[in-house]
Amino acid sequence: MTRHIWWIILPALVLLIGLLAYGLTSNPKHIPSPLIGKAFPTLQGQDLNGNPVTLGLVDNKPTIVNVWASWCAACRSEHNVLLRGARRYGDDISLVAINYKDELPNARRWLSRLGDPYQWSFHDLSGRAGLELGVYGVPETFFINKKGIIVEKISAPLTDKMFADGVALMFE
Amino acid sequence: MKRSIKTVLTSVLLLSISSLVFSGEVVEDPLERRVLDIASKLRCTVCQNQPVAESNSGLAKDMRAVIKEKLQQGKEEKEIIQFFVDRYGDYVLLAPPKTGSGLPIWLLPPIFLLCALLFAVVAMKSGREKKVTTLAPLSETDQERIRHARKAMDDSGEDK
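These protein sequences, in sequence, are chains A and B. Heads up, the first sequence is in this note's numbering, so the first residue is 573 and it goes up one at a time. Heads up, the second sequence is in this note's numbering, so the first residue is 992 and it goes up one at a time.
Just to be clear, a hint being listed does not mean it is correct.
Label pairs and their computed distance ranges (CB to CB) [stated by the list, open to error]:
id, chain 1, residue 1, chain 2, residue 2, range
1, A, Leu-582, B, Leu-1104, 14 to 22 Å
2, A, Leu-587, B, Gly-1049, 38 to 46 Å
3, A, Leu-741, B, Glu-1060, 30 to 38 Å
4, A, Ser-698, B, Ser-1031, 20 to 28 Å
5, A, Leu-587, B, Ile-1137, 51 to 59 Å
6, A, Leu-676, B, Ser-1007, 49 to 57 Å
7, A, Pro-604, B, Ser-1007, 56 to 64 Å
8, B, Gly-1080, A, Leu-587, 20 to 28 Å
9, A, Glu-744, B, Val-1112, 53 to 61 Å
10, A, Asn-621, B, Ala-1056, 24 to 32 Å
11, B, Gln-1063, A, Leu-582, 51 to 59 Å
It is worth saying that the hints were derived from the structure and are not from the lab. No residue lacks a Cβ here, since even glycine has one placed at the ideal position from N, Cα and C.
Isolated chain A, as found in the complex:
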């Protein structure tokens, strides 16, 4: 009898240890987005100069929507990646932004000092557009294919490789 019981206990123990190992090694800050595979919602608002803009597919080209703020330190390290990406892929894609919970003067100063890789930045002072998109921190980046479907969402500062991989997904 006791020998049979080990056939139950051992696999159960292995399973539990496996689950524990998985839980301990996975990143608790990474939240898989339920928005991947869904259409990017159209959101209307204003850019940093008060002009009306519409978030979604821009100029009918695959579009990257980057969420940034001047108060976000990680965005600064990401900024050069975006500048390089805009230079490299600018003809084939649209790169726009959501300026998240930011004061206008600060946001404008940031872009004039560091360079502006975006066609425009949607000014989301209240954070409601961000909430509509499941944004929980900055920087975040959405990659939208030509059909307007979100193919990737990165909730971390982009690297050149992540940018290139995202662009590749947009053209799949």
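Please arrange chain B on chain A, whose structure you already have, making use of the hints.
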């Protein structure tokens, strides 16, 4: 001396009465209560394990504002929670869903408990049923050896 004690006592009395006048009447806003009810079921996505109802983070405040707005629009609790799940995934729920990938979380603990109980019952039963094996009677040679040993002990005892 007596006079100063009197003044102190009267002023304390007056102050304690005045507090009744100045303190506002506390009335619970039923809308706020519903907002907090729903917010307590949602995880604040930036603080990992704190409900939206308790967090002071900017995002949690925004989420509470959205909940309030949707309640005012006459939305049901279910719809409001679904709104957040659609955008932030099941992660936003403090209690995992009872379907799909959340199912094992709900099912496994009772299954483990049941297994443990079963194991305990079986172990106790098998312990009780174990028979005490009776020993075979000693052979003649063994008995002879015992007698011999006893005799040796008695002899050595006499020496003392």
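Verification of the hints:
A beta carbon spacing of about 19 Å between Leu-582(A) and Leu-1104(B) agrees with the range 14 to 22 Å that was offered as a hint. Remark: the range hint 38 to 46 Å for Leu-587(A) to Gly-1049(B) is upheld by a beta-carbon distance near 40 Å. For Leu-741(A) and Glu-1060(B), the hinted distance range of 30 to 38 Å is satisfied, since their beta carbons lie about 35 Å from each other. Checking the proposed 20 to 28 Å range against Ser-698(A) and Ser-1031(B) shows it holds: the Cβ atoms sit about 23 Å from each other.
Checked against the hint of 51 to 59 Å, the pair Leu-587(A) and Ile-1137(B) passes, with Cβ atoms roughly 56 Å apart. The given range of 49 to 57 Å is respected by Leu-676(A) and Ser-1007(B), whose C-beta atoms sit roughly 51 Å from each other. In this structure the supplied range 56 to 64 Å holds for Pro-604(A) paired with Ser-1007(B), their Cβ-Cβ distance being about 58 Å. For Gly-1080(B) and Leu-587(A), the hinted distance range of 20 to 28 Å is satisfied, since their beta carbons lie about 25 Å from each other.
Hint check: Glu-744(A) to Val-1112(B), Cβ distance near 57 Å, so the stated range 53 to 61 Å holds. Distance hint check for Asn-621(A) and Ala-1056(B): the Cβ-Cβ separation is about 27 Å, which falls inside the suggested range of 24 to 32 Å. Taking 51 to 59 Å as the suggested C-beta distance range, the pair Gln-1063(B) and Leu-582(A) conforms, at roughly 56 Å.
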